[in-house]
Amino acid sequence: MVATELDNDANLERILAEHAGIEGPLLPILHAVQDTVGHISPEHVARIAKALNLSRAEVHGVVSFYHYFRQQEPGRHVVRVCRAEACQAMHCEQTEHRARRELGVDYGGTSADGLFTLEAVYCLGNCAAAPTVMVDEKLYGRVTPERLAAILEDWRNR
Amino acid sequence: MALRIYISRDAAAQALGADETAAALQVAGAAKGTPITLTRVGSRGMVWLEPLIEVEDASGQRIAYGPVTADDVPELVQAGLFDTAPHRLRLGRVEDMPWFAQQERLTFARVGVIDPVSVDDYVAHGGFAGLKRALGMSGAEIVGEVLESGLRGRGGAAFPTGIKWRTVLEQQSPQKYVVCNADEGDSGTFSDRMLMEGDPLCLIEGMIIAGLAVGATRGYIYLRCEYPHAGHALREALQAARVRGYLGPDVCGSGKAFELEVRMGAGAYICGEETALLESLEGKRAEVRYRPPLPAIKGLFGAPTIINNVISLGSVPIILERSAAYYRDFGMGRSRGTLPIQLAGNLKRGGLVEKAFGVTLRELLYDFGGGSASGRPLRAVQVGGPLGAYLPESQFDTPLDYEAFTAIGALVGHGGIVAFDDTVDMARMARYAMEFCAIESCGKCTPCRIGSTRGVEVIDRILQGNETRANLAQLENLCETMQHGSLCGLGGMTPFPVMSAIKHFPGDFARDR
Chain W
1 MVATELDNDA NLERILAEHA GIEGPLLPIL HAVQDTVGHI SPEHVARIAK ALNLSRAEVH
61 GVVSFYHYFR QQEPGRHVVR VCRAEACQAM HCEQTEHRAR RELGVDYGGT SADGLFTLEA
121 VYCLGNCAAA PTVMVDEKLY GRVTPERLAA ILEDWRNR
Chain V
1 MALRIYISRD AAAQALGADE TAAALQVAGA AKGTPITLTR VGSRGMVWLE PLIEVEDASG
61 QRIAYGPVTA DDVPELVQAG LFDTAPHRLR LGRVEDMPWF AQQERLTFAR VGVIDPVSVD
121 DYVAHGGFAG LKRALGMSGA EIVGEVLESG LRGRGGAAFP TGIKWRTVLE QQSPQKYVVC
181 NADEGDSGTF SDRMLMEGDP LCLIEGMIIA GLAVGATRGY IYLRCEYPHA GHALREALQA
241 ARVRGYLGPD VCGSGKAFEL EVRMGAGAYI CGEETALLES LEGKRAEVRY RPPLPAIKGL
301 FGAPTIINNV ISLGSVPIIL ERSAAYYRDF GMGRSRGTLP IQLAGNLKRG GLVEKAFGVT
361 LRELLYDFGG GSASGRPLRA VQVGGPLGAY LPESQFDTPL DYEAFTAIGA LVGHGGIVAF
421 DDTVDMARMA RYAMEFCAIE SCGKCTPCRI GSTRGVEVID RILQGNETRA NLAQLENLCE
481 TMQHGSLCGL GGMTPFPVMS AIKHFPGDFA RDR
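Sequence order for the protein chains is W and V. Start counting the first sequence at 1; every next residue gets the next number (the numbering used here). Start counting the second sequence at 1; every next residue gets the next number (the numbering used here).
Note that these hints are calculated values from the structure, not bench results. Be aware that a few hints might be false.
Quick list of simulated restraints, FRET-style, between CB atoms [unchecked claim]:
1) V:M97 with W:A46: 54 to 60 angstroms
2) V:A325 with W:A120: 46 to 52 angstroms
3) V:E261 with W:A46: 37 to 43 angstroms
Covered stretches of chain W (in silico footprint by chain V; criterion: 3 or more residues with CB under 8 angstroms from a CB of chain V, positions within the stretch not fixed) [as the list claims (entries may be wrong)]:
4) 17 to 29
5) 39 to 51
It should be emphasised that the depicted structure is a prediction, and the values quoted were computed from it without experimental measurement. Virtual Cβ for every residue (Gly too), placed ideally from N, Cα, C.
Generate coordinates for the entire structure from the input sequences, incorporating the hints supplied.
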């Protein structure tokens, strides 16, 4: 996810051009930026605001409202642990605890080796095979603490 | 001829290793010299048996085996999987399994059966028959059919779908919209996801019919970003429908236009509230709107807008295909038709069960769900998501019916059932309800924004055994303010899980030191 400033500029211009003229372009643009460069920086916010004729405060207000949008660069992989009711019914707090211990960070933090960002999520729709964890776009069901450790080990070796 | 094997591409099946099983089957087929055609389908809903595979035998019957992990494949193939030979994992025909045979699958009839993104498969199984009929009807006739069917909003509010449509039809406007609320954020629910992954063309057909009914030419599916698999399936299906002329400037040669696209949410539970969703689609913070005006009159970009849940829209094709009377004949009281019910949490046999309204919680939890996964007694179930009441065993005989649930202070909601065994601490669940509301509040109204945070603090004092009785009275008071003073259901209904936990499980709150 390491992109130079120059790449970022070119990416942003391309994304803005691709979304020109569509209805309600802000969320699709923010998604495209985060998908491409991993996060949405204050510089991105300023450029997007200018292109859409919005104030920076308006764009920042939207970025900060939604849990999914990230303002800091994440680790190489994002680990999302579900902590909603169905997962709680299967004792996800043990999986959460193991995730924090394995990665040495709390929710929102990135492990010291820069490999993983840990995030809490409220339901991944896999409630009949709880607890559920998602690493990037890969979903895992029945994630006991031991299985979580094995999953992280697998991603470390990729 | 190649051997045909079906295996699910549903996210829940993938989460349990379906992709790895599929790869192992290809390897085993190649090693044995048996060419295999793998068809990735939706899930049959038996999540406890995923990864489930179905092998087509010589007579064209599909014989199921499950759960089949990649590690099981070599042994299974050795035992004669390709000839549908007996094995401890052999289940027979899915249609003959009691868990499946006892359902009434209307909306989910094709899920797990067809290739979700094949128009040919879809049409061969009755797809687009409803649209064909709708194309020969006036807008008012289509709306009349939906009204007649008794269909009520499956997202949770249970408002009659036909009345929403009629209001939009009556508006004069150069632009109208059809918006699908696919922001299925309730824990314990996944029917929207399963339909979008297993039969996305059914939702697309429902939205085209809605557009024809009210004269809307544009539609959006607002999909939560936690569902990337559904996004992929929807985009593939949209493209397939477009190529075949079901979408675009001239739907099926009718001269009528309908265009449809997927928009991704960004992790905000509040977007399940329809006016917050519209704000989000417009590119704003998802703050709930005051009403009136209703979205049907001033919705997306100020234009008249149909906004319905995935299952509501996905139930429209069969209503148009088979008639309003056919659909209305299922169900009880004022709850007509069927509900895709999701069995989740601590259950042995979790998954999706589509049944006519009237089935009891007990039947769902024990006959279908098989009791707890842990083997311990079930103690509480939460029905209808994070804003639904917790019900004790004494209420398990309540039939699934909107009015029957309202009568006991509970809600059917989107049909999600989360079961807890006797290790659950209901005071902690009450705290979580308030915490979730605080995390997800849009911040527009004070009772929700501030009340939820104060609620967490009061429950923390109760958990510490600090003046329990006074703090319980305080909590009750706070819940009353939130219930009656909040702008929408998030703040207004968070008191349901909290107060039901106190009412039915008072011992969990008695922590005086």
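Now for the hints, and whether the structure bears them out:
About 59 angstroms separates the C-beta atoms of V:M97 and W:A46, a value consistent with the hinted range of 54 to 60 angstroms. At about 47 angstroms, the beta-carbon gap between V:A325 and W:A120 stays in the expected band of 46 to 52 angstroms. The hinted range of 37 to 43 angstroms is not satisfied by V:E261 and W:A46, whose Cβ atoms lie roughly 28 angstroms apart. Figure legend: the stretch 17 to 29 of chain W, annotated as covered by chain V; annotation consistent (6 residues with Cβ-Cβ distances under 8 angstroms, at least 3 required).
With 0 residues bearing a CB less than 8 angstroms from a CB of chain V, the stretch 39 to 51 of chain W misses the requirement of three and the coverage assertion fails.
Hint compliance for this structure: hints 3, 5 are not met, and every other hint is.
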